[in-house]
Amino acid sequence: MRILLIEDSKKLVDSLRQELTRSGFEVGSAANGELGLRLALGGTWDLVVLDLMLPDLSGHEVLRQMRAQGCQAYVLILTALGAVEERVRGLQAGADDYLGKPFSFDELLARVQALTRRKHGQRSPVIRIADLEIDTAGRIVRRNGAVVSLTNREYRLLELLALRNGDTVSRMEIEEHLHGSRSLPLSNVVDSAVCNIRAKLKEHGAAALIHTRPRLGYVLSAEAP
Amino acid sequence: MRSIRRALRLRLSGAALVLLVAAAGLLYSGVRWLLTDQFDAALHTKLLTFTTLIEQEGEGVELGFIAQAMPEFSAPSEPEYVQMWLTSRVEGWVLYRSPSLEGGDLPKFAGTEERPVIRSLALPDGRAGRAIGAEFVIHHYDPGSSGTGAAHVLLVLARGTAALERALRLLLVGTSAVILLLLGAGLLLGGQALTRGLRPLDELARHVGAIEDPLRAPRFDPAGVPAELAPLVESHNQMLGRVCKAFERERRTSANIAHELRTPLAELLVLAETAQRYPADPLENTRRLEELREIAEQMSTLIATLLELARMESGHVPLEIESIDLAEMVRDCWSPLASVADAKRQTFRQLAGRGPLVRADRVALSILLANLLRNAVDHAPVGDQIGCEVANTGARCELVLSNAANDLTPADLDKLTEPFWRASKSREDRSHIGIGLSLVRRLAELLEVELSFQLEERVFRARLSFEVC
Chain V
2 MRILLIEDSK KLVDSLRQEL TRSGFEVGSA ANGELGLRLA LGGTWDLVVL DLMLPDLSGH
62 EVLRQMRAQG CQAYVLILTA LGAVEERVRG LQAGADDYLG KPFSFDELLA RVQALTRRKH
122 GQRSPVIRIA DLEIDTAGRI VRRNGAVVSL TNREYRLLEL LALRNGDTVS RMEIEEHLHG
182 SRSLPLSNVV DSAVCNIRAK LKEHGAAALI HTRPRLGYVL SAEAP
Chain D
7 MRSIRRALRL RLSGAALVLL VAAAGLLYSG VRWLLTDQFD AALHTKLLTF TTLIEQEGEG
67 VELGFIAQAM PEFSAPSEPE YVQMWLTSRV EGWVLYRSPS LEGGDLPKFA GTEERPVIRS
127 LALPDGRAGR AIGAEFVIHH YDPGSSGTGA AHVLLVLARG TAALERALRL LLVGTSAVIL
187 LLLGAGLLLG GQALTRGLRP LDELARHVGA IEDPLRAPRF DPAGVPAELA PLVESHNQML
247 GRVCKAFERE RRTSANIAHE LRTPLAELLV LAETAQRYPA DPLENTRRLE ELREIAEQMS
307 TLIATLLELA RMESGHVPLE IESIDLAEMV RDCWSPLASV ADAKRQTFRQ LAGRGPLVRA
367 DRVALSILLA NLLRNAVDHA PVGDQIGCEV ANTGARCELV LSNAANDLTP ADLDKLTEPF
427 WRASKSREDR SHIGIGLSLV RRLAELLEVE LSFQLEERVF RARLSFEVC
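Heads up: the sequence lines are chains V and D, in that order.
Residue numbering for the first sequence follows the numbering used here, beginning at 2 and increasing consecutively.
Residue numbering for the second sequence follows the numbering used here, beginning at 7 and increasing consecutively.
Just some of the chain V residues that point at chain D, by a computed CB distance under 10 Å:
1. 79
2. 81
3. 87
4. 105
5. 106
Quick caveat, the hints were computed from the structure, so don't treat them as lab data.
Ideal placement from N, C-alpha and C gives every residue a C-beta, glycine not left out.
Same shape as in the complex, but just chain V (with noise of 0.2 Å):
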């Protein structure tokens, strides 16, 4: 999950950077207009954080010449302008979500995960197949009820392969995923993380529920495809 911070104060950019990469995101970040229009539609990001009030563009004309130029990216106000017709306005404009600063960080985590789950059609914070269940809200894997432990890029690869739903997901966009515009191509990091997690969810279960179809990638579901 790729996030791009466009915000001018570089204290709260760096303390979100921090905050959301420790919970699973890769997150990229502009300190002005111009610059977070030109990586919004430059990269693919699955959703933009954007502050209203920025040097050199202002949110409003980011957020309008993103959506003008097909930008699909979700896209989250957070502000200092929280009247109700700023609100409306930015909501209008093509925002998915408006938060207003100042902010408890774990409502943005809060608002970040729905937005995801919007993004792959998946209403609850937890999502079951077979015996497993992901709880994406508290980042929690249990198999059979009992937790599995997982590191951080090894949770990441199982909740993008769950919130594809039995779809393949191929090894270039895991690795996108993963590590963002810094994936390298013919690593084997995607098949080593796998493997890890295969083996950890073997430990509670013995049903094979990660699946690799040869040359298009993996899929998650509870039957073999």
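Use these hints to put chain D onto chain V, whose structure you have.
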């Protein structure tokens, strides 16, 4: 409440009434005079006729008319009266008395044939009438053998004026009716004309009354507006424009204040939550606390500046006006900035010697000048020269501070004194709150110093016009 419509209606009605009554009075008087004159002329004609009908032969005087041939002098109702006296012989000897007099007498008075005396009187039967009197010498005189001269006759002729009075009364009633009709029609038509004439004013009032949100209110269309209302419409539209600008400025200021206060609050909250969620080693904790303190200090400075600005906006600033040497004050204000300017290799064209004496509060003026000079040092490029000139223009003197301003545009000049407006595009530049020039503007207002900004060929000039002592 005073009403232009009501006042105009009252005044126009009053004026119309006075004019109509005056006109009617003149008309009535004229017609009355004319009719009376005609009446008198008819009496005079009849008198002249009588003078030709009297003949004298010797001492004998004969009347050349037959009383029966003149029935108006014997009519049973509203008769006329005539009486003649031979004045040259026996005083009071009546020559002729019309039957209508029934033995009575008419009053005696006389003018000449050409200028007879005419007067109003009560006729013997009690009616009002007018009488004409003249004394003349008998025209048809034959001396015969007597040798006496022509006799003198005094003739008084009287006629009732009832018909004349009836005509005059009719005229008076008719004229009054016409006045009332004209007045009613005038009120009606005048009211309609007033309504039609004041319609643009009503439309303007409706337009102004319907304004709920000046930001979205349309301007009043000046097309078709009468010349008298055009300045009002223009002023209204200009005022609306100014209100919109003021609202827009207030909105920007509010948004900026919200941003400047809420963003550091968000920083504080997220930092605190991070510290709670992820306890760190003492070194990291020290760094976090340092960051928290830094943010809190910035907020404190911001709030203090905002309060200072609010205090100045409210006008509750005690001022001690005195004579101040402007050149010396500029030098004093520049002194703490010299090292900063040196670091940027900037030069300052100092005012030498003693400058003009201006009237101002020393503290307020020093804050004003220090802010302008600080602004020049911060925004002038490295190696630039900061200009400072004084020019005397009679009762006032002008101080001009100038510096190169490559990032400034003419459109920025209107926003310079808005709180939190910053030439620097980055809000990360926390060395400027963006409130310095707002203070300068307010201080200039308090000190009654004329302040203006100019941008020509990328050179920014701040002009201050002082009253000279």
